[in-house]
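Asker: Here's the letter readout for the chains.
Protein chains: 2
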Amino acid sequence: MEKKYLFSPGPTMLPPGVLLKMAEPIMHHREPEFEKIYAEIREGMKYLFQTKNEVLIFTSSGTGAMEGAVSNLLSKGDKAIVVRGGKFGERWGEICKAYGIEFIPIDVEWGKAVDPKRIQELVESDSSIRAVYTQASETSTGVKHPIQAIADLMKRYEDKVVVVDAITGIGVFDIPIDAWGLDVVISGSQKALMLPPGLSFVTLNDKAWKLVEKSTLPKYYFDFKKELKNTKKNQSSYTPAISLYVGLRETLRMIRTEGLEAVFHRHRTLAEATRRAVKALGLELYAPDSPSDAVTAVKIPAGIDGEKLKDLFFEKFGITVAEGQDRAKGKIIRIAHLGYYERLDMVMVISALEMLLKEMGYSFELGTGVKAAEEILMK
Amino acid sequence: MEKKYLFSPGPTMLPPGVLLKMAEPIMHHREPEFEKIYAEIREGMKYLFQTKNEVLIFTSSGTGAMEGAVSNLLSKGDKAIVVRGGKFGERWGEICKAYGIEFIPIDVEWGKAVDPKRIQELVESDSSIRAVYTQASETSTGVKHPIQAIADLMKRYEDKVVVVDAITGIGVFDIPIDAWGLDVVISGSQKALMLPPGLSFVTLNDKAWKLVEKSTLPKYYFDFKKELKNTKKNQSSYTPAISLYVGLRETLRMIRTEGLEAVFHRHRTLAEATRRAVKALGLELYAPDSPSDAVTAVKIPAGIDGEKLKDLFFEKFGITVAEGQDRAKGKIIRIAHLGYYERLDMVMVISALEMLLKEMGYSFELGTGVKAAEEILMK
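In order, the protein sequences belong to chains E and P.
Under my numbering, the first residue of the first sequence is numbered 1, with each subsequent residue one higher.
Under my numbering, the first residue of the second sequence is numbered 380, with each subsequent residue one higher.
Everything labelled a hint here was simulated from the structure, so no lab data went into it.
Check the hints yourself; a few may be wrong.
In silico negatives: residues of chain P with every beta carbon more than 12 Å from chain E [what the hints assert, rightly or not]:
no.	residue
1	G443
2	D486
3	W559
4	L607
5	K611
6	M734
7	M757
Straight-line distance between alpha carbons at most 35 Å, and here's what the computed DSBU-like set of lysine-lysine pairs gives [claimed, not checked]:
no.	chain 1	residue 1	chain 2	residue 2
8	E	K233	E	K155
9	E	K214	P	K612
10	P	K678	P	K382
11	E	K207	P	K476
12	E	K4	P	K455
13	P	K415	E	K226
14	E	K76	P	K466
15	E	K226	P	K678
16	P	K605	E	K299
17	P	K466	E	K210
18	E	K3	P	K612
19	E	K97	P	K612
All C-beta atoms, glycine included, are put in the ideal place defined by N, C-alpha and C.
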C-alpha cells in the first residue's frame with residue numbers, strides 16, 4: 001500500500017475538500033459569479049496580508065511576482081541592494097541582472113540572518129539606491145530575516161523601498177505589513193495558502209506605487225498598474241487560473257475561520273516541536289539563531305549520507321522532504337510545516353526520521369525525538 | 380435546477396475525469412514521478428504541435444508566452460510587423476510598445492483575414508524588420524488567418540521570423556508547424572487542450588532560436604533559453620502549476636487516442652454545423668470568408684439587443700457565450716466549439732439560440748437551425 005506525504009516547503013499538502021471544490025465544472029471569469037468570488041478573495045487577502053491595500057494576483061509561480069517587483073519599481077540607472085543568504089536571495093540578484101539593474105549584494109552566510117546595520121550602511125552610501133530586496137523567510141536555509149528592523153530603517157527615505165519575498169512567510173508567522181510599514185510584499189499559492197502552485201501575490205503601499213508611476217523598465221504580463229486597475233473591478237488583466245481562484249476563496253475562508261493568531265500559533269508550535277525533536281536526537285539546526293517557522297533545516301550528522309536519507313524518506317515512508325540546494329546540497333534536509341499541517345503530521349515525520357536514522361547506524365534512543373515533540377505539542 | 384454550459388472560447392468545458400485526476404493529492408515537482416509525467420507530456424506536445432522541436436511550458440496565461448515571444452526574439456533597434464485584425468492582434472502591438480520595439484501595424488478590417496501580400500511588401504521595405512506577429516485564429520472575430528502563406532514568404536529570409544499566436548488554433552485545425560516552416564507558435568491550456576487556464580506553450584525552430592541567442596531585451600520568468608535547458612531535463616525553471624501538468628498528461632492522452640486527424644475533423648464538423656445553422660436562421664457570419672473552426676462569430680440581427688441576447692443565454696439556459704469585444708461589442712455573439720465538444724453540444728446551443736431569438740421577436744421558423752446542423756452532424 002502506497003500512502004504519500006509532502007513535507008516539502010512548496011508544494012505543501014492540500015485539503016482534500018479544496019481539491020474537490022476545484023474539480024467542479026469550470027466557470028467563466030467574466031461571469032458575475034466569478035466576480036463575486038474575486039471580491040471575496042480581495043477582502044480575504046487584505047485580512048491575510050494585514051493591509052488595507054489591494055493584493056494583486058498573477059497566474060505564475062512566485063518568481064513572476066518577484067520579477068514584477070523589479071520591472072515595476074525600478075528605472076534605468078536605479079541601483080538595488082540584494083540580501084543574498086540563500087537560493088532565493090540569489091534570485092533577486094539574477095532578476096536585477098536580467099533588467100540591467102546594478103545591485104550591491106549583501107552576502108550572508110547560509111543559515112544566518114542579515115544584519116540590518118549592513119543594509120543601513122549601504123543605503124546611506126549611494127543615493128541611486130532605490131530598493132532593498134530580501135526574503136522574510138529564506139526557504140533554502142530555514143532562516144527568518146529581521147524584516148521589521150529593515151522596514152524601520154527604510155521608513156526614513158521617501159524614495160527608497162524594501163521589497164520582501166514572503167512566499168514562505170505570509171500566513172506562517174506574523175508580518176503586519178501596514179503596521180510595520182513594509183513597502184512591497186510578495187507571496188505564492190503553494191505554501192501557507194494550501195493551494196497548488198500557479199498563483200503569485202504582491203501588495204504595495206503608497207510609497208511603492210510612487211516608484212511604479214516613475215518606473216521605465218519594460219513590463220507587460222506582470223504590469224502592476226494595469227493589474228491594480230482590473231483588480232478593483234474584480235477582474236484580472238489576462239485569463240486567470242480560474243480553478244485556483246475558486247480554491248483560494250476556500251482556503252482564505254479556512255484561514256479566517258481559524259483566525260490569523262491561531263494560524264501563527266499553530267505554525268510556531270509545529271516548528272518548535274520539530275526543532276526540539278531534532279535537537280533531542282542530537283542533531284543540529286542549520287539556522288539555530290533565527291529559524292523560520294515555515295521550514296526546519298536540519299544538519300546531516302557525520303557518517304550519514306544526506307542524499308540517501310532523503311531518498312529513504314520517500315522509499316520507505318512515501319514522505320517528500322527537501323534536500324539542501326546548491327552549497328547546502330547533501331548537508332541538510334528540510335522539513336516543512338507550513339499550511340495544511342497539524343500536530344500529528346509532525347509526529348509522523350519525526351518518527352520516520354528516527355526509524356531511518358536508526359537504520360542508517362546513527363546512535364540514539366528510539367522515541368527520543370517524538371517525546372520531545374509531544375512535550376511541545378501537548379501544551 | 381441549475382445546469383451550466385460553457386460555449387466561450389476559453390475557458391472551455393472540461394472532461395470531468397480530468398478534473399478528478401487533478402484533484403488527487405498533489406505531488407512534488409522534483410520527484411521522479413513528476414519527471415516521468417513531464418517526459419510523457421513532452422512527447423505528447425510534439426505530437427500535438429506536429430514538430431520535432433521541444434514545446435516550452437510556462438505557468439501563465441497565453442499572454443505570458445506572447446510576451447516571451449517578443450522579449451526573447453527581439454533586440455533593441457529591431458522592428459516588427461503586427462497583424463491587427465482583432466483584440467489579440469492589438470495585444471501584439473501593446474507588447475512591442477511595452478518593450479520599446481517599433482512596429483508597423485497592418486490594420487485588417489475586423490472579420491477579415493490578412494492579405495499576405497501586404498506583409499510581403501512591408502517586409503521588403505525595411506531591413507530592420509525582424510518578426511511578423513500574427514494570430515492563426517483571431518478569437519475576437521472568429522477569423523482564420525492564412526499562416527501557411529505567411530510562413531512561405533518568410534522562408535526567404537534567414538533572419539526574419541513569423542510568430543503565430545495559435546492559442547485557439549493548435550488542436551483545433553491542422554497547423555503542421557514543421558511542414559509549413561512556422562518559426563514560433565504559441566498556445567494555451569484553456570482551449571482545445573481541455574484544461575483550466577494557467578499554462579502557456581511556445582515552440583521555436585532553429586531560425587528562431589538563432590534570434591533568441593542574439594536577443595538583448597530583458598527577460599527572466601519567460602526566459603526561453605533557460606526553460607529549454609530545464610525542459611530537456613523534464614523540469615521547469617520555476618515551480619510549475621503541478622496539477623495542470625497532471626491534467627495535461629491526461630488530455631494529451633485523449634488527443635492521441637482520438638488522433639489528430641479525427642480531432643480536426645470533429646472541430647470542422649462542429650464549426651460547419653454551427654455556421655450552417657445560423658445561416659439557416661437568416662443570420663450572418665461576422666467572418667464569412669475565412670472562418671475559424673474554433674469559434675463562430677454571428678452578427679446580431681437588426682432589432683435584437685446583442686447584450687441582452689448574451690445575458691438571456693445565461694439566465695434562461697445557463698449557457699455562457701462570448702459577446703463582441705471593443706468595436707464588436709453588442710454587434711456579435713461568439714459561439715465556441717473547441718476542445719471537449721461533441722455533436723449534441725452544438726444542438727443544445729443552437730436550440731437555445733432559436734428559443735431566445737423567437738422570444739425576442741426575431742422572425743423565423745423554430746427548428747430551422749437545428750435541422751441545418753443535423754444535416755451536417757449526421758454525415
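Asker: Do the alpha carbons of E/K97 and P/K612 lie within 35 Å of each other, as the hint requires?
Answerer: Distance of about 25 Å is within 35 Å: holds.
Asker: Keeping to a limit of 35 Å between CA atoms, is the pair of E/K214 and P/K612 held or broken?
Answerer: Since the Cα atoms of E/K214 and P/K612 sit roughly 40 Å apart, the hinted pair is violated (cutoff 35 Å).
Asker: Are the Cα atoms of P/K466 and E/K210 separated by 35 Å or less?
Answerer: holds, 30 Å
Asker: Once the closest CB in chain E is found, is it more than 12 Å from P/D486?
Answerer: Correct as stated: the minimum Cβ-Cβ distance to chain E is 21 Å, above 12 Å.
Asker: Within a Cα-Cα threshold of 35 Å, do E/K76 and P/K466 meet the stated pairing?
Answerer: Holds - the C-alpha atoms of P/K466 and E/K76 are around 31 Å apart, at most 35 Å.
Asker: Assess, step by step, whether the Cα of P/K678 is no farther than 35 Å from the Cα of P/K382, and give holds or violated.
Answerer: Roughly 27 Å between the alpha carbons, so the hint for P/K678 and P/K382 holds.
Asker: Would the hint linking E/K207 and P/K476 be met if the CA-CA limit is 35 Å?
Answerer: Within the cut-off at roughly 27 Å; holds.
Asker: If I take the minimum Cβ distance from P/M734 to any residue of chain E, is it greater than 12 Å?
Answerer: Correct as stated: the minimum Cβ-Cβ distance to chain E is 21 Å, above 12 Å.
Asker: Mind verifying the non-interface call on P/G443? Its CB should be farther than 12 Å from each CB in chain E.
Answerer: Contrary to the label, P/G443 does not stay out of reach of chain E, its closest Cβ about 5 Å off (not over 12 Å).
Asker: Is the Cβ of P/M757 more than 12 Å away from each Cβ in chain E?
Answerer: P/M757 clear of chain E: closest Cβ-Cβ about 29 Å, beyond 12 Å.
Asker: Can you confirm whether the C-alpha distance between P/K415 and E/K226 stays at or below 35 Å?
Answerer: Violated, at roughly 38 Å.
Asker: Can the restraint linking E/K233 and E/K155 be considered satisfied, given a maximum Cα separation of 35 Å?
Answerer: The hint holds at about 31 Å.
Against the hints set out earlier in the document, violations occur for numbers 1, 9, 12 and 13.
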